[in-house]
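Below are the chains, spelled out letter by letter.
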Amino acid sequence: MTEKKLGLPSVVATGVGVVVATSCLISLGIGSSAIGMTFIISMVIAIILNILFALSVSELNALMPNLTGGLAQYTLACMGPFISIVVMVGGYLLCNTIVGSAECAMFGNTIASVLPNIPIPGNYYSVALIIILIITNLNGVDVFAKIQNVVTYTLIGSLVIMGVLGFLKLGTGEVVAQPMILSTNFTDITSLCGLAFFLFIGSEYIVPISNRVQNARRNVPLGLIITLVVVFGMETLLVFGFHNYTAWADLGASTTPHILYGTMLLGNFGTIWMALVSICAVTGVINTIISSLAYIADGMAKINLLPKFFMKTNKKGAPYVGILIIGGIMALINATGLSTTSQLSFLILTGVVFWMVAYIVTHLNVLVLRKRLPKAPRTFKVPFGPVLPIIGSIGIVWMIYNISSDPATRLNIYILCGLIFAALTVYSVIWVKKVMKLKLFKPIPLEKVMAMENDLYHVYHNANSGDHIPQLEK
Amino acid sequence: MELSRIEIITNNSKIEALKNAMGKYGITGMTVSQVLGCGVQFGTQEYEVEQKKEPTLLPKDLVMLVLPTKDVPAFLKFVQEELYTGHIGDGKIFVSAVTNAIRVRTGEDGLDALCQN
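If you read the sequences in order, they're chains A and B.
Going by my numbering, the first residue of the first sequence is number 1, and it counts up by one from there.
Going by my numbering, the first residue of the second sequence is number 475, and it counts up by one from there.
Since the hints were derived computationally from the structure, they do not count as laboratory data.
For clarity, every value in this text was computed on a predicted model and none was experimentally measured.
One thing to keep in mind: the hints can contain errors.
Claimed, not checked - So the derived list for chain A, only partly shown, Cβ under 8 Å to chain B, looks like this:
(1) Thr379
(2) Pro383
(3) Ala451
(4) Leu456
(5) Tyr460
What the hints assert, rightly or not - Derived SDA-like pairs: lysine to any residue, alpha-carbon spacing no greater than 25 Å straight-line:
(6) A/Lys5 x A/Ser183
(7) A/Lys375 x B/Asp586
(8) A/Lys433 x B/Val523
(9) A/Lys375 x B/Asp564
(10) B/Lys493 x A/Arg212
(11) A/Lys375 x B/Gly513
(12) B/Lys544 x A/Pro377
(13) B/Lys566 x A/Asn454
(14) B/Lys498 x A/Lys433
(15) B/Lys551 x B/Ala495
(16) B/Lys498 x A/Asn215
(17) A/Lys375 x B/Met475
(18) A/Lys448 x B/Pro533
(19) B/Lys493 x A/Phe380
(20) A/Lys375 x B/Val514
As the list claims (entries may be wrong) - Cβ pair distances, simulated, as ranges:
(21) B/Ser487 x A/Ala408: 58 to 66 Å
(22) A/Lys308 x B/Ser487: 21 to 29 Å
(23) B/Gly503 x A/Phe384: 50 to 58 Å
(24) B/Ser487 x A/Ile272: 52 to 60 Å
(25) A/Asn454 x B/Glu490: 20 to 28 Å
(26) B/Thr573 x A/Gly385: 39 to 47 Å
(27) A/Leu373 x B/Gly511: 19 to 27 Å
(28) B/Leu510 x A/Lys5: 31 to 39 Å
All C-beta atoms in this analysis are idealised placements derived from N, C-alpha and C, irrespective of residue type, glycine included.
In isolation and in its complexed conformation, chain B is listed as follows (with noise of 0.2 Å):
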């Protein structure tokens, strides 16, 4: 079975919500790493008059976990209604391909690896 890496960047105040959100979805695992990062506005706050010059670094959580491809298209559905506010800085959804998985402890590989024993 194809398997597939979501990668969410979003802000800091709604990643206690998704987690949440996403344990009632039914997500088994996920990793979530606290990072700094900018996109095309360069960091510039909504309420800002001028979009910044240089890239100016904000705080985000990176929300990471992979899914069978075929359940990606609902999931991101899921995940879009979830962050949205309408406001700038809901966040970016990265989706790429993922060759194998491999459960350290039994050896076990692609979705076995990611699914309980």
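Isolated chain A, as found in the complex (with noise of 0.2 Å):
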């Protein structure tokens, strides 16, 4: 086994990497802009709720130890190839290129902002950053976690500085005075829950690369928690920085609140920082979009829930036909400008209702596990009994029902979700029927699904027909 093993610092790159994203710092001027500090408190609620899934997740991976494809097994052996497909393929694979092409157009918008004099479109940077970043995970591992590390580091440092700057008023832009809080009123605090909730989504992105971590039974755990309390550490340094240096009014208005901060705080060079910084937001958010979503489409593949050629990998073990479709799905949604749309924004929205309904499976995966194998050793076990996967669900209902703040807008999500659910079930249902020749709702056993990682279990059986090949037995 020449394949270096992931350390913890590694581990919490990959988290950090995809939780932060450029849209998560617009997000947060447009949370802070409306309530003012209060919305630290929302933020509260909804890292605890993260928490609560970060805990849940521990534990289905110390009961089904390195897995690909992480939540896709667990669902599989929980609750039956049905919603298995309906929550992977909608709340990862369609939510996450969707999101990932946001991000990427954010990043050419970004460069092309601040780069006015060079007369290139914002989206041909977004292009050729994916393109950079297909090669890159191509490569295998190693690439990828130096890239990791160096990007999300520098990310990590430059928002803590400017965090800190901020917020103990050491910048050089002038400070502006005005009301730490503009609402107390719950109801404004918690429907901005929905939006905080997005700042921390994603941190599971670690589980697929379990198996590649060192003392993975430690290190899973603890990457989890410690990615969510990092992020949040920064968050809260510049939502004080926002309050410092930029009026609510002014980071309401704008389109780059995160952007407005770094001028306001350090005039020019801030603006060039922070441009820095969400280059470094969007390499962390796509490298590990791209790594862990073709790593998630392999371990779907050997549990037969996508198509075979997913599992396929290249000369340095990475699963590059998932790397080039999602990648290439990116690359063409920016290419044609598409992810600039307003509509896009929406489905982002959407996407992310289908995330947090995979976070509601997880809980429920949590307790049927216990219910069906409640003497099966666990390395990690959520304290106090079903109590937090039971209150993490309910907080997620409820951060779903506060999805947007505005009814109007709020119901077409609901809609739209049901159709992409209507379209899901249909595709699930033929896949399963046709192919898998399952039961929708059938778990298929625990032990089958971890024999399923091992590659050997793929040479032994055929797929359509269950056929043997007795010329592999001796």
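Assembly of the complex is requested from the two constituent chains, each provided in isolation within its own frame, with the hints serving as guidance.
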């Protein structure tokens, strides 16, 4: 085994890299400008629910360790193939490809705004970045880890420094005198919890790389928690900085509030620095999305939820089909300029609802396996019995209810979610019945799901007919 | 003090990590044998399609050690967590009573025979 193992710093880098996106910095600006410092209360509620989710993921990872697909395998073993496909294709592959495309578009727009004298459209920058990250990911995990660590720790360092400068009023810009709190109304605070939830979403991307993590039993749960705490710390500092250097009204009106903050804090230097932070954020996110979605697709193909070609790997061990398809779709969306439309932002919110549903399913998976395998050894177990997974599930339902403070937007999101669910249902039913030839809601035994992770399983089994390959037997 | 014998059957690939982990746990003595055997699957590998009709003996390691009975539950939890992968073939653990243990060199018996002088 020549492949290097990833340590705790790499685990945290992967988590922070995907959680802190440019869209998160923008959401942070929107939330803060709406109610002021009390947005931190919304963030606290959101991080508590995300930590509960991280605990559930850690228990599932302890019970079914070293799986490349993560939530797909857990759900297949608990709720059967239908829900697995709907949740994973809708909540992860579809949602994250769209979110990633929008991230790239924001990156292109940021670069174009920072370099107005160069007559290159923003989407050229976006596509170039995607192509570079496709190439690096095709070179395997070592390159991935190197990029991820450098990018993410540059990002963390920059945001912490800019947050501390703003918090301590040490910037070169003029300190703004304005109220710290715009609203203490609990309804206002809770209506922004959906937005705050998006600030912490995605830490579970650590799970698909768990089989490459040193001492995964300790580092995966620890990495999940550290990721969320680091992100919360950075974003809280930034909210204080926003209060000290940017007028709430200007912050709310800006399409790039993070760039505005950089400018108000440190002038032109701050603009360029925050632009570099945006580059780090988007590179971290897109790098993680391309890599992790490719591994998730690989894991889903291993358990027959997706076509087998997603399992193909190149000489470096990278699942190149998934990398090329996911990266290619993102490049295509950016090349057509589709990701700059307002409809796509709406689609992101819809995708996040599916993502949240995946979180609820994860909590339920923990409860199902507690019932089914009560005595199985768990190196990590969520404390207080079923209480925390239940609280986590209820909390996320509440988040979905608060996905938008505007009732009309919320209704439209629910309608679109319903339509996507209908389309995924058709795909899932056809795939499960015609290709997998299984019952829709019958769970696959845990030991069989684990066996599917073994490459030899697919040599011995023919997915379509279940035929034996006798020549390989001795 | 009552004594219990623990016999752990596991894959050859896990023995080195298990031995090191037991050393850190505080186990001071163990006996390891290379054995052949099969479980309820008759030696069928997890990736094979059909279960074997006749037993196929696979190479395994058998770890034997004797502990004070009061320490057995905590040790069993530790070993289970150490060996667990979720895959078929993680192993079996057998626990049985020991009526006595004798250190030949000194004639000590019971728990004294298992501890350092």
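Against the structure, the hints:
no.: 1; hint: Thr379; in the structure: holds (5 Å)
no.: 2; hint: Pro383; in the structure: violated (16 Å)
no.: 3; hint: Ala451; in the structure: holds (4 Å)
no.: 4; hint: Leu456; in the structure: holds (4 Å)
no.: 5; hint: Tyr460; in the structure: holds (5 Å)
no.: 6; hint: A/Lys5 x A/Ser183; in the structure: violated (48 Å)
no.: 7; hint: A/Lys375 x B/Asp586; in the structure: violated (34 Å)
no.: 8; hint: A/Lys433 x B/Val523; in the structure: holds (21 Å)
no.: 9; hint: A/Lys375 x B/Asp564; in the structure: holds (15 Å)
no.: 10; hint: B/Lys493 x A/Arg212; in the structure: holds (23 Å)
no.: 11; hint: A/Lys375 x B/Gly513; in the structure: holds (20 Å)
no.: 12; hint: B/Lys544 x A/Pro377; in the structure: holds (20 Å)
no.: 13; hint: B/Lys566 x A/Asn454; in the structure: holds (21 Å)
no.: 14; hint: B/Lys498 x A/Lys433; in the structure: violated (51 Å)
no.: 15; hint: B/Lys551 x B/Ala495; in the structure: holds (13 Å)
no.: 16; hint: B/Lys498 x A/Asn215; in the structure: holds (15 Å)
no.: 17; hint: A/Lys375 x B/Met475; in the structure: violated (28 Å)
no.: 18; hint: A/Lys448 x B/Pro533; in the structure: holds (22 Å)
no.: 19; hint: B/Lys493 x A/Phe380; in the structure: holds (22 Å)
no.: 20; hint: A/Lys375 x B/Val514; in the structure: holds (19 Å)
no.: 21; hint: B/Ser487 x A/Ala408: 58 to 66 Å; in the structure: holds (60 Å)
no.: 22; hint: A/Lys308 x B/Ser487: 21 to 29 Å; in the structure: holds (28 Å)
no.: 23; hint: B/Gly503 x A/Phe384: 50 to 58 Å; in the structure: violated (39 Å)
no.: 24; hint: B/Ser487 x A/Ile272: 52 to 60 Å; in the structure: holds (53 Å)
no.: 25; hint: A/Asn454 x B/Glu490: 20 to 28 Å; in the structure: holds (21 Å)
no.: 26; hint: B/Thr573 x A/Gly385: 39 to 47 Å; in the structure: holds (40 Å)
no.: 27; hint: A/Leu373 x B/Gly511: 19 to 27 Å; in the structure: holds (25 Å)
no.: 28; hint: B/Leu510 x A/Lys5: 31 to 39 Å; in the structure: holds (33 Å)
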